[in-house]
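*Asks:* Listed here are the chains, written in short residue letters.
There are 2 protein chains.
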Amino acid sequence: MNVEFINPFLSSMLNVMSTMAMMELTPEKPKLKQGEVAKGDVSGLIGMVSDQAKGSLSITFEASLAIATMKNMVGEGPDVVNEEITDLVGEITNMVTGGAKRMLSEKGFEFDMATPMVVSGKDHTINHKAEGPIVIIPLTSAHGKAFIEFSFD
Amino acid sequence: MNVEFINPFLSSMLNVMSTMAMMELTPEKPKLKQGEVAKGDVSGLIGMVSDQAKGSLSITFEASLAIATMKNMVGEGPDVVNEEITDLVGEITNMVTGGAKRMLSEKGFEFDMATPMVVSGKDHTINHKAEGPIVIIPLTSAHGKAFIEFSFD
Chain A
1 MNVEFINPFL SSMLNVMSTM AMMELTPEKP KLKQGEVAKG DVSGLIGMVS
51 DQAKGSLSIT FEASLAIATM KNMVGEGPDV VNEEITDLVG EITNMVTGGA
101 KRMLSEKGFE FDMATPMVVS GKDHTINHKA EGPIVIIPLT SAHGKAFIEF
151 SFD
Chain B
1 MNVEFINPFL SSMLNVMSTM AMMELTPEKP KLKQGEVAKG DVSGLIGMVS
51 DQAKGSLSIT FEASLAIATM KNMVGEGPDV VNEEITDLVG EITNMVTGGA
101 KRMLSEKGFE FDMATPMVVS GKDHTINHKA EGPIVIIPLT SAHGKAFIEF
151 SFD
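These protein sequence lines are chains A and B, in that order.
Per UniProt numbering, the first sequence starts with residue 1, numbered consecutively.
Per UniProt numbering, the second sequence starts with residue 1, numbered consecutively.
Here chain A stands alone, though its shape is the one from the complex (with noise of 0.2 Å):
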């Protein structure tokens, strides 16, 4: 089931990060997550509630990825990952997941969103404990990496 939720959250990040903040993502083939680790700087992480299934969504970004979408967005933007940039962390993976929900619902797949938690710490790893495979999005850009991951039980 997993690999049909590619799209909805692929396109979403893409359509996100280019709108808000003029920031082009280049991503690198989806894959089912096994050994390999993405570590990054600054996360946003929410659950998916469903009557059909459970899961997690993470979106990590490095340091500099993450600062430069938000100098992108204001012109301006601090050195460091700080409240400004979780909080922007914490909006965008809102409202990805809302975006794919909603391309998601179209197929019939409904769920509902948690509220989202942002992790900061240099070079932190996530874990998804659903019991379903891991999909992993690495995307590449000018100023870093991100990585999309999702799974389902």
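Quick caveat, the hints were computed from the structure, so don't treat them as lab data.
Treat the hints with care, as some may be off.
Identical copies go unnamed one by one, so any copy, or any two together, can satisfy a pair.
[Claimed, not checked] In silico BS3-like links for lysine-lysine, alpha-carbon gap of 27 Å or less:
#1 K39 x K122
#2 K71 x K145
#3 K29 x K101
#4 K33 x K122
#5 K107 x K145
#6 K71 x K31
#7 K145 x K39
#8 K145 x K122
#9 K122 x K101
For this one, chain A is given, so just place chain B on it according to the hints.
*Replies:* Chain B only, in chain A's frame:
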């Protein structure tokens, strides 16, 4: 509303750690998170969704406490945070939230749980982006500290 939730989450945490791992934790006074930062090395996070409210919970451990918990449970454990430890932290997060869910259900507050995520990375911090206040409960032990944090819209 969040304040009513303190006892269910706190007593569920003490109960899970005591019965699963014979690990006695001493809670400090719960407080609203204002500026202070709870740093840890491995955290379990879970989203919660109900008709009444949405929210998120995290349980953050110092590595020493997570590793000691594993050793207490199974007689041996790794020296560093590895997948065994993140699995354990995900399971603890699920059990604590499930216990609190049962207690809150008796008070008429129902919610569904998403699947847990686990973050590992030295000295990371969690930011809950629900709109309500964030409750933080520090816990101490001979093996290190833990923090429960939660927030609901």
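*Asks:* With reference to the structure, classify each hint as holding or not holding.
*Replies:* Now the hints, each set against the structure:
no.: 1; hint: K39 x K122; in the structure: both (8 Å within a copy, 12 Å between copies)
no.: 2; hint: K71 x K145; in the structure: within (16 Å within a copy, 37 Å between copies)
no.: 3; hint: K29 x K101; in the structure: within (22 Å within a copy, 39 Å between copies)
no.: 4; hint: K33 x K122; in the structure: both (21 Å within a copy, 22 Å between copies)
no.: 5; hint: K107 x K145; in the structure: neither (30 Å within a copy, 45 Å between copies)
no.: 6; hint: K71 x K31; in the structure: neither (30 Å within a copy, 34 Å between copies)
no.: 7; hint: K145 x K39; in the structure: both (10 Å within a copy, 25 Å between copies)
no.: 8; hint: K145 x K122; in the structure: both (14 Å within a copy, 20 Å between copies)
no.: 9; hint: K122 x K101; in the structure: neither (30 Å within a copy, 33 Å between copies)
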